[in-house]
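4 protein chains.
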Amino acid sequence: MNEVEIGLTKRATRGYSLDDVAVIPSRRTRDPEDVSLAWTIDAFTFDTPVIAAPMDSVMSPATAIALGKQGGLGVLNLEGLWTRYEDPSAVYQEIAGFTETEVTRGLQRIYAEPIKAELIAQRLQEIRESGVPVAGSLSPQRTKEFHETVVKAGVDLFVIRGTTVSAEHVSQNREPLNLKEFIYELDVPVIVGGAATHTAALHLMRTGAAGVLVGFGGGAASSTRASLGIHAPMASAISDVASARREYLDESGGRYVHVIADGGLGRSGDIVAAIATGADAVMVGSLLARASEAPGLGWHWGQEAHHATMPRGYRAFVGEGGSLEEVLHGPAHSADGRTNLMGALRHSMATCGYSELKEFQRVDVVIPS
Amino acid sequence: MNEVEIGLTKRATRGYSLDDVAVIPSRRTRDPEDVSLAWTIDAFTFDTPVIAAPMDSVMSPATAIALGKQGGLGVLNLEGLWTRYEDPSAVYQEIAGFTETEVTRGLQRIYAEPIKAELIAQRLQEIRESGVPVAGSLSPQRTKEFHETVVKAGVDLFVIRGTTVSAEHVSQNREPLNLKEFIYELDVPVIVGGAATHTAALHLMRTGAAGVLVGFGGGAASSTRASLGIHAPMASAISDVASARREYLDESGGRYVHVIADGGLGRSGDIVAAIATGADAVMVGSLLARASEAPGLGWHWGQEAHHATMPRGYRAFVGEGGSLEEVLHGPAHSADGRTNLMGALRHSMATCGYSELKEFQRVDVVIPS
Amino acid sequence: MNEVEIGLTKRATRGYSLDDVAVIPSRRTRDPEDVSLAWTIDAFTFDTPVIAAPMDSVMSPATAIALGKQGGLGVLNLEGLWTRYEDPSAVYQEIAGFTETEVTRGLQRIYAEPIKAELIAQRLQEIRESGVPVAGSLSPQRTKEFHETVVKAGVDLFVIRGTTVSAEHVSQNREPLNLKEFIYELDVPVIVGGAATHTAALHLMRTGAAGVLVGFGGGAASSTRASLGIHAPMASAISDVASARREYLDESGGRYVHVIADGGLGRSGDIVAAIATGADAVMVGSLLARASEAPGLGWHWGQEAHHATMPRGYRAFVGEGGSLEEVLHGPAHSADGRTNLMGALRHSMATCGYSELKEFQRVDVVIPS
Amino acid sequence: MNEVEIGLTKRATRGYSLDDVAVIPSRRTRDPEDVSLAWTIDAFTFDTPVIAAPMDSVMSPATAIALGKQGGLGVLNLEGLWTRYEDPSAVYQEIAGFTETEVTRGLQRIYAEPIKAELIAQRLQEIRESGVPVAGSLSPQRTKEFHETVVKAGVDLFVIRGTTVSAEHVSQNREPLNLKEFIYELDVPVIVGGAATHTAALHLMRTGAAGVLVGFGGGAASSTRASLGIHAPMASAISDVASARREYLDESGGRYVHVIADGGLGRSGDIVAAIATGADAVMVGSLLARASEAPGLGWHWGQEAHHATMPRGYRAFVGEGGSLEEVLHGPAHSADGRTNLMGALRHSMATCGYSELKEFQRVDVVIPS
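Chains as they are written, first to last, in this note's numbering: chain A, 1 to 369; chain B, 1 to 369; chain C, 1 to 369; chain D, 1 to 369.
This is chain A alone, in the form it adopts within the complex (with noise of 0.2 Å):
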């Protein structure tokens, strides 16, 4: 372990970003179209490894079947605006039109509006005509309120993610949501996190997850860190959570659970380093919230920025950088690594002289000073 000595009594491990870590080629290079983006989990194989991250900004219904079509997988927020309200249009509109002073007690006071379990199987219905795969994503705390309305909705992936999501979650007043019963009932693949130590991973991976979120939610529009004092490293975290992987692959005799990066992904660069890494695949935030079919009308904001008694995220203003389509695979028209994330990816791979997402977990990677 890279351990420091902060004083006579603690230690603690040094830990790393994405930003920290560049992917360096070597000896082969190789064509583009030459390279695979499929990844495969359970029984379902995307074109490419990304998932939307579920938050208003970037997922609707229609953006979710937009994503599927262009070979990605969209997740809905089932306690997002979209089950909250029968038409969130206006309410878009209003976050939108919200001053820096007034936004915070806005979004208290817009997520304060009642979950409703009709609109949840509504939303998911919606998705499902489409003919793409079905995933939404409830928090730990909602997950057994409405686990049930989802069940008999029907999804094809369900993703339970929290700031962080624990395979032991101890109360002292209400019997908590026992994870592993719940995974194996459910009968579908389930995403959860975030988590972000080996420990925590392989408990996860225990309950018999489909993949594992890695990450507090420390994206663009979050602070976690500033106010409690929780934080991550991406870097550090996907390489901790893929050696839980390799453990839990070999002690359940193969079952081989997906490590999903989940936040500090704001460039394409930085989902070359989470694969790098170790990830298998990257949920995705910001980046997609900026395509012309993001509901956030060039703003972006995560559950956190809500919460009514401690909120912990911004909005912040993302703008516009062109269609789902071409922010996934091009062309871009701007230089920024905010475009055409998907050719960054196959073209760094293609340089790197890999083929395949899986290899280049293997990659020979640099901490610049």
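Hints listed in this document are in silico derivations from the structure and should not be mistaken for laboratory results. Among the hints, a few may not be true.
Identical chains blur together in the list; that is why a pair holds if it fits in one copy or across any two.
[Stated by the list, open to error] Here are the simulated EDC-like cross-link-like pairs (lysine to aspartate or glutamate), alpha carbons at most 20 Å apart as the crow flies:
no.	residue 1	residue 2
1	K144	D31
2	K358	D156
3	K180	D31
4	K358	D34
We have chain A already, so just place chains B, C and D on it with the hints.
Below, chains B, C and D without anything else, positioned relative to chain A:
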């Protein structure tokens, strides 16, 4: 030791600040409601481990009372405005009105006004009448002069606070304060500091102190490092002083001296990091100066700012961030980590699976690169 | 190796940029006049170790000639404006006139114009007539298509330059360039790159190259790191490639392949650091784009800036810093390290007591913290 | 040694600046009044360890006298404005009036005026008449030309100061200054530098120098690093030169050569750090240029700024920070660490429990991360 070779003749210790440290959740989570923030020192138990810094921008008799009612400990600066002026309201207005070029000379003039023993007695009496624990502070230089006044007026806890306080002050021209004797005679729990090394803290503990303040006044409004070249990165200092706590606990056969982080606490995440690296409680300045009840009118300054010949602190604008209750317990309507401080600490501990402050000192931490 | 553990499954090398490195004089000093900057590659000796980057903002046929007369080597980009347009003057004006929002699309359009073989021949002929050594560059992708034109037109040195060039390019759909065969047939010294590791460079050296370009185009106007996640800190890359030079020198029984730093040279101090870490010569872009003779009209851009689907470079404003002679040999009338580049190198070598470039590769260096 | 591997062929030393270092008080404190700042070199004892840098913005004959009366040592630049111009007042006005674009050319022109031997004699005489110790400086290049003038005029201490001065200067075209012979003949204590390594300093000590200047002119107004790639982080350089002091003390059987930090002293905290890492005294530039008696009219520049062909320094605005007495001894009315320099040093030493400069070289230091 985490040693660095500066050159062929000089070695240094590497030190980490609270900003450098983040906590990292692992396999267990917990409900925030199940977390206790109770802190006991000597015969006093507080609902929260928060002590207000004895600074004129933070504490008036009224805010000391208000903080006591919110579960913290207010400490009145007994050599500040409230003991120099019968009614300091106009002085606070004057300080708030200074331009940047006027302010240091202005503070030097305002604090040239002599301290009145009768005002010390009167202010402490005001606090006592409210029923909250009574605490006041003096610098080591003033302790000899005014401690009898203080003892006569009666305090529950006494704080001796300077940039650096040692158990062994050497002077050629006067009899220095004998801390050990003084603490023995005073017969109330004494918190003393700043100190930042194992050795310095151990010697302070041996004087009979109930608590040691960690830090050299390195807060938001200080220029001690630029002026004196003195600096102690807080996370390392806390851990080193916690190591003295452990040694003294053993050598004294069980006296537990409290380690209190004093300085560098600009966000709730810093409070989390202070406990995580070994602090029992925190002494908070600028964060409380933002409460609407704070006397500083949106400004914050410390004792160093008005030194007659070598000022080494600034008047900093901190603005207003809600009522004292909101600052401590929320609800927050902004995401900057400066309100709902205790909610954030509670939430962070719960996310990491801890329910008691003392246990949380063992949480895993990471140093992002 | 200077290894870093990113996490439990991934290690990285720590890399240093030229900015990170400073040379440190020691016991001997020397007169600057006694320093030689002569550099010999194959049959060509140059008064200075400066090669101009084959970028349209830096090199026209006229500036290639001017640089040759100043003691350096000008390399014309054979797939740039001068071989796409009969008279590119108006195109340069257009590029200089683009707004920031227009520029990437504008460059994409301008460089969509086909390359003309006859213009390649004509431009090389112009340079030849001046009597200076003739050098041109192609990307690996274009080399197959145009190298016969180049050979027929005649060059003294040939440069194959791409973001990454490897000795082993793999393609499923076309016959890739066989570098070794190509270099053997070409029968003039070939400089090839970028490369940044010992292995990659060693394989390039084995193809018969006379020089290897170190770097991945990480200059002032590049966003390769943000886009592709690819980055090679230059000081470390130079040293690693110099290690390949040493290995190949031994295995080949004495062939000395030149190590040429290409990228990250923004000040004369960076040129010093490049030689100090092992480079034989430097390929300079933005610093020469500032010469009044440079064709770019105060702007600088590279090949990556106009990629049709994944641009990853910018047009950067560099302004004008004096004549080519002043930029190279002074006198300077500003202190920013961008004029009198050779005077600075000479002065630095003298101050450290060295009189030859090759010896200066051994100078002591420091990494300021 | 604190070694870093840049790449496979190159190692570096890691170096620390004064900014990187902080002192850390421990178990004992002391009254500031009990601290002595006395510094003795050869037959001269000064109340403070402050030498003024021989720069035209800092020293005139009048300020050299004033500094002597305040307990420091003023050194006049014998190849500056005061020995080129009969009355330089108008020249100072002109320099203060230059725009940023004019200033380098303007300085080059102003310093093209020849040095007059008779003015050297006259200026030294002015200082001598005041009764303070007389000190002047020349660069190594000018020492041969003017040292007889200096000897005839009479100095108490002589300074030979260049960016880098070595004991062994090699030249093909002229007889270089033989430092050892020269110092022997001169028969007054000579302070010489800059140097920054153990070896370089040891060789300078063997020439008979009474003091060695540490640093390469890396002050506030220098661009030596950007231009020449030369840089010596001061804390490490001081410690390395202090190691030479120790070795030479032994090999010479007791000659103590003083280590004088020259450069990087922007705040009183930097002076503290210089002593703490091994310096006996400090040569101060920009901090003294702020005194109202300084001739520079609020501007500061060094010799490098007017080099005829390769200027590598700037004219920096430093403003005015009070009288020379206030700058050195206070009282201060601002908290920025630029006034009451000696009060700050005294206070810092007292806080750390030291009463003599020599002992303070042993104080504990920390490198904040």
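Comparing the hints with the structure gives:
| no. | hint | result |
| --- | --- | --- |
| 1 | K144 to D31 | between (49 Å within a copy, 15 Å between copies) |
| 2 | K358 to D156 | neither (24 Å within a copy, 45 Å between copies) |
| 3 | K180 to D31 | between (44 Å within a copy, 19 Å between copies) |
| 4 | K358 to D34 | within (15 Å within a copy, 42 Å between copies) |
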